[in-house]
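There are 2 protein chains.
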Amino acid sequence: MNVGKVSKRVEQVFPFYVMDIMEKAKALEEQGENVVHMEVGEPDFPTPEPILKAAQGFLEKGDVHYTKAQGLPALRKKIARYYRDEYNVDLSPERIFITPGASGALTVALASLIDAGDEVLTCDPGYPCNNNIVTLFGGQPTSINVGEEHGFQLTGQLIAQAWSKATRGVMMASPSNPTGATVNFDQLQNIVQTITEREGFLISDEIYHGLVYGQRAISALEISDDVFVLNSFSKFFGMTGWRLGWLVVPEYAISAANRLMQNLYISAPTPSQYAALAAFDEDTRVILNQRRDEFEQRRDRLYEGLESLGFVMMAKPQGAFYIYADCRLFTDDSYAFALELLEKAGVATTPGKDFGSSEPARYLRFAYTTSIERIEEGLKRIKTFLAERGS
Amino acid sequence: MNVGKVSKRVEQVFPFYVMDIMEKAKALEEQGENVVHMEVGEPDFPTPEPILKAAQGFLEKGDVHYTKAQGLPALRKKIARYYRDEYNVDLSPERIFITPGASGALTVALASLIDAGDEVLTCDPGYPCNNNIVTLFGGQPTSINVGEEHGFQLTGQLIAQAWSKATRGVMMASPSNPTGATVNFDQLQNIVQTITEREGFLISDEIYHGLVYGQRAISALEISDDVFVLNSFSKFFGMTGWRLGWLVVPEYAISAANRLMQNLYISAPTPSQYAALAAFDEDTRVILNQRRDEFEQRRDRLYEGLESLGFVMMAKPQGAFYIYADCRLFTDDSYAFALELLEKAGVATTPGKDFGSSEPARYLRFAYTTSIERIEEGLKRIKTFLAERGS
Chain Z
503 MNVGKVSKRV
513 EQVFPFYVMD
523 IMEKAKALEE
533 QGENVVHMEV
543 GEPDFPTPEP
553 ILKAAQGFLE
563 KGDVHYTKAQ
573 GLPALRKKIA
583 RYYRDEYNVD
593 LSPERIFITP
603 GASGALTVAL
613 ASLIDAGDEV
623 LTCDPGYPCN
633 NNIVTLFGGQ
643 PTSINVGEEH
653 GFQLTGQLIA
663 QAWSKATRGV
673 MMASPSNPTG
683 ATVNFDQLQN
693 IVQTITEREG
703 FLISDEIYHG
713 LVYGQRAISA
723 LEISDDVFVL
733 NSFSKFFGMT
743 GWRLGWLVVP
753 EYAISAANRL
763 MQNLYISAPT
773 PSQYAALAAF
783 DEDTRVILNQ
793 RRDEFEQRRD
803 RLYEGLESLG
813 FVMMAKPQGA
823 FYIYADCRLF
833 TDDSYAFALE
843 LLEKAGVATT
853 PGKDFGSSEP
863 ARYLRFAYTT
873 SIERIEEGLK
883 RIKTFLAERG
893 S
Chain E
503 MNVGKVSKRV
513 EQVFPFYVMD
523 IMEKAKALEE
533 QGENVVHMEV
543 GEPDFPTPEP
553 ILKAAQGFLE
563 KGDVHYTKAQ
573 GLPALRKKIA
583 RYYRDEYNVD
593 LSPERIFITP
603 GASGALTVAL
613 ASLIDAGDEV
623 LTCDPGYPCN
633 NNIVTLFGGQ
643 PTSINVGEEH
653 GFQLTGQLIA
663 QAWSKATRGV
673 MMASPSNPTG
683 ATVNFDQLQN
693 IVQTITEREG
703 FLISDEIYHG
713 LVYGQRAISA
723 LEISDDVFVL
733 NSFSKFFGMT
743 GWRLGWLVVP
753 EYAISAANRL
763 MQNLYISAPT
773 PSQYAALAAF
783 DEDTRVILNQ
793 RRDEFEQRRD
803 RLYEGLESLG
813 FVMMAKPQGA
823 FYIYADCRLF
833 TDDSYAFALE
843 LLEKAGVATT
853 PGKDFGSSEP
863 ARYLRFAYTT
873 SIERIEEGLK
883 RIKTFLAERG
893 S
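These protein sequences, in sequence, are chains Z and E.
Our numbering numbers the first residue of the first sequence as 503 and each following residue consecutively.
Our numbering numbers the first residue of the second sequence as 503 and each following residue consecutively.
By construction, these hints were calculated from the structure, which means they are not laboratory data.
Since we're looking at a predicted model, the values are computed, not measured.
Hints may be right or wrong, so weigh each one.
The list cannot tell twin chains apart, which means a pair is met if one copy fits it or any two copies do.
[Stated by the list, open to error] The calculated DSS-like cross-link candidates involving lysine-lysine, where the alpha carbons are at most 27 angstroms apart (straight line), are:
hint, residue 1, residue 2
1, Lys-528, Lys-579
2, Lys-507, Lys-818
3, Lys-570, Lys-555
4, Lys-570, Lys-507
5, Lys-510, Lys-667
6, Lys-528, Lys-510
7, Lys-667, Lys-507
8, Lys-885, Lys-579
9, Lys-846, Lys-526
10, Lys-528, Lys-507
11, Lys-555, Lys-510
12, Lys-526, Lys-885
13, Lys-846, Lys-528
14, Lys-885, Lys-510
15, Lys-818, Lys-885
16, Lys-885, Lys-528
17, Lys-563, Lys-882
18, Lys-570, Lys-528
19, Lys-580, Lys-528
20, Lys-846, Lys-507
21, Lys-580, Lys-818
With the sequences and hints as input, model every part of the structure.
Right under this line is the structure:
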């Protein structure tokens, strides 16, 4: 009964190529094949026991009503305290919004900031939803090539070069998805300063904080109060399916973020918010630190393994749970290579073209969201595959 | 570090006036006052026991991971079957998306359909987020006055009169918020036909289905496959805080909705989806039907009570849990009157101006989301207040 056409807006939102890989992997498994999954950007661990218990305790009462649009005051207080403890940052809970995943935080931040035609600088390679959500709100994402020569991270200089009259701000992530690359304090300070001089905004995606190895992650809030910071209970806190994240906004955006929360979400899911009250407890932290150590071991094993197989490796990534491996010695089309790896070796990975358009065909993203045993098995399979392939 | 300004977009998103009422009510309660809450658009009942149990059973395993972006296949199958049982509509689960509340369904539907400058016809009075979300996506909401003379519902004729060159489609709700007014089959068919002739879209908000008294609610899917239908687990199923709803889309929008779900939400909350698997069980239905009967009794008591106090009443609303009462005999400013009612009588209501701009100052919305005893108490307080006020 209507024109039968979707919006032009949504036609610019591209599907994730990894979905093809996942579907094919599922089909193989239904035929009885065994697949090593290194395509999934989701920790394999269950929800930590104390968080589960907090949820179960809350559900016993059965009163699962809306919370305030901004989120439970008790949870916002705990997050504020977390910033004090982890980053030595003094943060008012009034600036913290509990969102449905970091996805919700991203949406609220962008809707607060951009108007039609506004340009937003993003990173390539980077999280694909960034560009898509900018597009959904009528903005113009312009990707900065932050390839190998830049250590896969943004710099003030790159921002200065890319800045145009239409530019309103910058989105970045440290650690980055898909590379795990991080910025240090001086680099982040330089980024913030470059943006400040141009009166732009910074949206700093810090969802992989906590999963950083052998160093400490720097929050943009250590450098300025006037930044938007996204974080999530999904990655370090192991709560993916609960769909819970948070957004820190500058003072001037509190009212806007509140109105957006009311209109777009009413509130974040209540059981998840009560569950997350236990996320900062000491016994939870013990579990989370063990998991972080496990991730670090996996990273070391996978990095070493891929290197010895002939992948061209970037510097060892300091965070997240990804290795972005250059497969140029095997192929000039990493998407075709990913399909081949899946079909012939039973190893699922994510092709580079999910993360941008600057040389994506050279790269595969391996996620170490599976056990050391499965990583070993995966490496063995790739070795056999490469030997038979004779490349 | 930035221009310190929010987007023009978000400046057009207005706060809900009821938030002022709720804040003032909270302040009164903190001073020890007792407030009768008739402002809240949320059922007062706890989550039905079988739904809670399903959630608890799921959480025992602890594996709370993402679901498919479209939602659990088992839940989508149950919803499809619900359409067969309740509406005699044959619906493929492929057309059903599980969303974070009906808010998520609304966002996905509008982002799928409108581009900048597209006009969308909405109802006044109506759900305020409709206009706001259209605005957020750069669309132009144009409200149709569906006041008392139209029985507070849309008609094909009103649509035909309002249609302009820029119009892309129509949003409506039956039962309506804030009035509870419904459309019957012929009226809905007429609406659909009028839109079809103009090659527009219809977004039919059916979140109050199930809460309809003495008749059956008609779904737009009974009339056409080419409509967007929103529904929710919040109202009839009593699951507000779980943030779960669904969206039915026409075939042509399946791919778009999928991409939007991936980018905007990843997936709806997993514990809520598993909980909702029990929402269609027979033992849940027994509880839900009892609650619906309780709502019907409350409606009757409140309607009668307000009428006897001198409010000018519309025809008795057939659904939802609201009465939209005309207080023109007491005031020409219902917002000021709502504040007075709260401060002097301890009764919280929602002022008409939250629902549009056509004569909002005449109306107050009373929600019967509180017990018969509290409704009686509220009516008594209003009576005393009016007597003392001498109006």
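The hints, checked one at a time:
1. Lys-528 - Lys-579: between (42 angstroms within a copy, 20 angstroms between copies)
2. Lys-507 - Lys-818: Neither: 46 angstroms inside a chain and 39 angstroms across chains, both beyond 27 angstroms.
3. Lys-570 - Lys-555: Both. Shortest intra-copy (23 angstroms) and inter-copy (25 angstroms) distances satisfy the 27 angstroms Cα cut-off.
4. Lys-570 - Lys-507: between (37 angstroms within a copy, 24 angstroms between copies)
5. Lys-510 - Lys-667: both (25 angstroms within a copy, 18 angstroms between copies)
6. Lys-528 - Lys-510: Classified as neither; 32 angstroms inside a copy, 45 angstroms across copies.
7. Lys-667 - Lys-507: This pair counts as between: shortest inter-copy Cα distance 17 angstroms, intra-copy 34 angstroms.
8. Lys-885 - Lys-579: Result: close neither inside a copy nor across copies, 50 angstroms intra and 42 angstroms inter.
9. Lys-846 - Lys-526: within (12 angstroms within a copy, 66 angstroms between copies)
10. Lys-528 - Lys-507: neither (31 angstroms within a copy, 47 angstroms between copies)
11. Lys-555 - Lys-510: neither (45 angstroms within a copy, 43 angstroms between copies)
12. Lys-526 - Lys-885: within (21 angstroms within a copy, 68 angstroms between copies)
13. Lys-846 - Lys-528: Cα proximity of Lys-846 and Lys-528: one copy only (15 angstroms, versus 64 angstroms across).
14. Lys-885 - Lys-510: Classified as neither: same-chain Cα gap 45 angstroms, cross-chain 55 angstroms, threshold 27 angstroms.
15. Lys-818 - Lys-885: within (21 angstroms within a copy, 74 angstroms between copies)
16. Lys-885 - Lys-528: within (23 angstroms within a copy, 65 angstroms between copies)
17. Lys-563 - Lys-882: Result: close neither inside a copy nor across copies, 50 angstroms intra and 32 angstroms inter.
18. Lys-570 - Lys-528: Close across copies (12 angstroms), not inside one copy (40 angstroms); limit 27 angstroms.
19. Lys-580 - Lys-528: The answer is between: 23 angstroms across copies meets 27 angstroms, while 40 angstroms in one copy does not.
20. Lys-846 - Lys-507: Answer is neither; intra-copy 39 angstroms and inter-copy 54 angstroms both fail.
21. Lys-580 - Lys-818: Neither way: Lys-580 and Lys-818 sit 33 angstroms apart in one copy and 47 angstroms across, limit 27 angstroms.
Hint check: violations occur at hints 2, 6, 8, 10, 11, 14, 17, 20 and 21; the rest are consistent with the structure.
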